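K.L.:
Each chain, written out:
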Amino acid sequence: GDSVTQMEGPVTLSEEAFLTINCTYTATGYPSLFWYVQYPGEGLQLLLKATKADDKGSNKGFEATYRKETTSFHLEKGSVQVSDSAVYFCALSDQGNNRLAFGKGNQVVVIP
Amino acid sequence: DTEVTQTPKHLVMGMTNKKSLKCEQHMGHRAMYWYKQKAKKPPELMFVYSYEKLSINESVPSRFSPECPNSSLLNLHLHALQPEDSALYLCASSQDGGISGYTFGSGTRLTVV
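Sequences listed follow chains A and B, in order. For what it's worth, this note's numbering labels the leading residue of the first sequence as 1, then goes sequentially. For what it's worth, this note's numbering labels the leading residue of the second sequence as 1, then goes sequentially.
Okay, chain B solo, but in the shape it has when bound (with noise of 0.2 angstroms):
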């Protein structure tokens, strides 16, 4: 297996909705990322946990809430969202830090209504 798998793949949710985003890879890739996506942009950093413990928040509002249930699973929690967070949320995983390479996921795309 040499996936990220990301559900659901698309979401829309009101600003009071409380919902979750969910990652799972069987790579044995002992980082995992969340990262935010705008349109015609690049990929932003939100969260890194390494070997389970979160090791990197980019200053992400609390309104978004990381958690690593185990080794293979991530997930991003979200309550009270604002318009402006609606874009693609990509889930991305590594062996090494990143020194051969991130699997992405296709990624949740999520509107805020």
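Same shape as in the complex, but just chain A (with noise of 0.2 angstroms):
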């Protein structure tokens, strides 16, 4: 079945730093994929996406590029902010079918 990899334990990092979480994933299709972000105490927010093989999504800074190759979509900052603090989820929907899988999440905290 489909599923999502993401990189484990949370990141730290300080302000002003490059940001890489990595993703890979694994589908039987030619899946969508989605970068979430989740603030706490709040629902998921759609960050990016791609929906075709070395479509490059972006947005506030961040940048992830769909590589069929390698079955990844790594999600880079340049320069991150505190406020980019929050869990980052990967994710793709294979074909249309009305689900959603997930990788587990990385929580991204950043030090001023």
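By construction, these hints were calculated from the structure, which means they are not laboratory data. Keep in mind that this is a model prediction, so the values were computed, not measured. Where is the CB? At the ideal position from N, CA and C, for every residue including glycine. Hints are supplied without guarantee of correctness; some may be wrong.
Result set (BS3-like, lysine-lysine): computed pairs, CA atoms no more than 30 angstroms apart in a straight line [unchecked claim]:
(1) A:Lys60 / B:Lys40
(2) A:Lys52 / A:Lys104
(3) A:Lys68 / A:Lys104
(4) B:Lys38 / A:Lys77
(5) A:Lys77 / B:Lys41
(6) A:Lys52 / B:Lys19
(7) B:Lys40 / B:Lys19
(8) B:Lys9 / A:Lys104
(9) B:Lys41 / A:Lys60
(10) A:Lys77 / A:Lys60
(11) B:Lys22 / A:Lys104
(12) B:Lys9 / B:Lys41
(13) A:Lys68 / B:Lys53
(14) B:Lys22 / A:Lys77
(15) B:Lys36 / B:Lys22
(16) B:Lys38 / B:Lys9
(17) B:Lys40 / B:Lys18
(18) B:Lys53 / B:Lys22
(19) B:Lys41 / A:Lys52
(20) A:Lys68 / A:Lys56
(21) A:Lys104 / B:Lys38
(22) A:Lys56 / B:Lys41
(23) B:Lys38 / B:Lys18
(24) B:Lys53 / B:Lys9
(25) A:Lys56 / B:Lys40
(26) A:Lys104 / B:Lys40
(27) A:Lys52 / B:Lys9
(28) B:Lys40 / B:Lys9
(29) B:Lys40 / A:Lys68
(30) B:Lys9 / B:Lys19
(31) B:Lys36 / A:Lys60
(32) A:Lys60 / B:Lys38
(33) B:Lys9 / A:Lys60
(34) A:Lys77 / B:Lys40
Pulled a few chain B residues facing chain A out of the computed Cβ check, cut under 10 angstroms [claimed, not checked]:
(35) Val4
(36) Met27
(37) Ala31
(38) Tyr33
(39) Met46
(40) Cys91
Could you fit the two chains together into a complex? Lean on the hints.
P.N.:
Below is the structure:
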């Protein structure tokens, strides 16, 4: 079945540092890929998406490229701010089957 | 309107109570979802309504009863819950089965005492 794997553990970094969160996936079809962000006490917000291979999703300084050859969709940001502290979930939707497969999520803590 | 609205934001209920969670969207999305999220975990799918018909039930206990009165509204009726049912309940909607993404509400924080 479809699955998403995110790197283990929280990520703690200083303000203005470079952020990378790894995400790899397994899917039977041609999935759409997403990054969702969840701020404390809130629901999930769609951060960015890519619907086909080689697409780059971007929003608020975050980027991720859909790499079919490595089945990856790593999230990057060049200079993080304290306000980026949140939990980040990688997810996929395969062929519009109304099922969204989530990774385990990564807590990102940005220290001033 | 690009939002999914959930009410109430917080709910405390006893194990013998009956309560309902409500969800509303006016984006014309034809699929709506209920998810349950425990602390520090990803959301878990509970139910899917597609074109106002229940299409997926992820073996959810019958003390949770979904209802879709029309294409904009989704309810989750709660009865005889257990303390382990305490969680954040998220509603979501999508236009195309999820291909272009889901829009999530801000959730209802449920505590069962």
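K.L.:
Straight-line Cα separation of Lys77 (chain A) and Lys60 (chain A) no greater than 30 angstroms?
P.N.:
Status holds; Cα separation ~9 angstroms.
K.L.:
Given Cys91 (chain B) was flagged as interface, is its beta-carbon under 10 angstroms from a beta-carbon of chain A?
P.N.:
holds (9 angstroms)
K.L.:
Verify the proposed pairing of Lys53 (chain B) with Lys22 (chain B), using a straight-line Cα cut of 30 angstroms.
P.N.:
Between Lys53 (chain B) and Lys22 (chain B) the Cα gap is close to 17 angstroms, so the pair holds against 30 angstroms.
K.L.:
Given the hinted pair Lys41 (chain B) and Lys52 (chain A), is their alpha-carbon gap at most 30 angstroms?
P.N.:
holds (27 angstroms)
K.L.:
Holds or violated: Lys9 (chain B) with Lys104 (chain A), Cα cutoff 30 angstroms?
P.N.:
holds (24 angstroms)
K.L.:
So if I understand the rule, the pair passes when the alpha-carbon distance is 30 angstroms or less; does Lys36 (chain B) with Lys22 (chain B) pass?
P.N.:
Since the Cα atoms of Lys36 (chain B) and Lys22 (chain B) sit roughly 14 angstroms apart, the hinted pair holds (cutoff 30 angstroms).
K.L.:
Decide if the proposed pair is consistent with the structure: Lys68 (chain A) and Lys56 (chain A), CA atoms, cutoff 30 angstroms inclusive.
P.N.:
Holds - the C-alpha atoms of Lys56 (chain A) and Lys68 (chain A) are around 12 angstroms apart, at most 30 angstroms.
K.L.:
Checking one constraint from the list: CA of Lys9 (chain B) to CA of Lys19 (chain B), max 30 angstroms. Satisfied?
P.N.:
holds (13 angstroms)
K.L.:
Hold the hint about Tyr33 (chain B) up to the distance rule: shortest CB distance to chain A must be less than 10 angstroms.
P.N.:
Given a least distance of 7 angstroms, the restraint on Tyr33 (chain B) holds.
K.L.:
Has the given pair, Lys104 (chain A) with Lys40 (chain B), been kept, meaning a C-alpha gap of at most 30 angstroms?
P.N.:
holds (8 angstroms)
K.L.:
Quick one, are Lys40 (chain B) and Lys18 (chain B) close enough, alpha carbons at most 30 angstroms?
P.N.:
Judged against 30 angstroms, a Cα distance of about 27 angstroms means the pair holds.
K.L.:
For the pair supplied as a hint, Lys38 (chain B) and Lys18 (chain B), confirm whether the alpha-carbon distance does not exceed 30 angstroms.
P.N.:
holds (21 angstroms)
Hints 6, 13, 14, 27, 36, 39, counting from the list given before, are not met by this structure.
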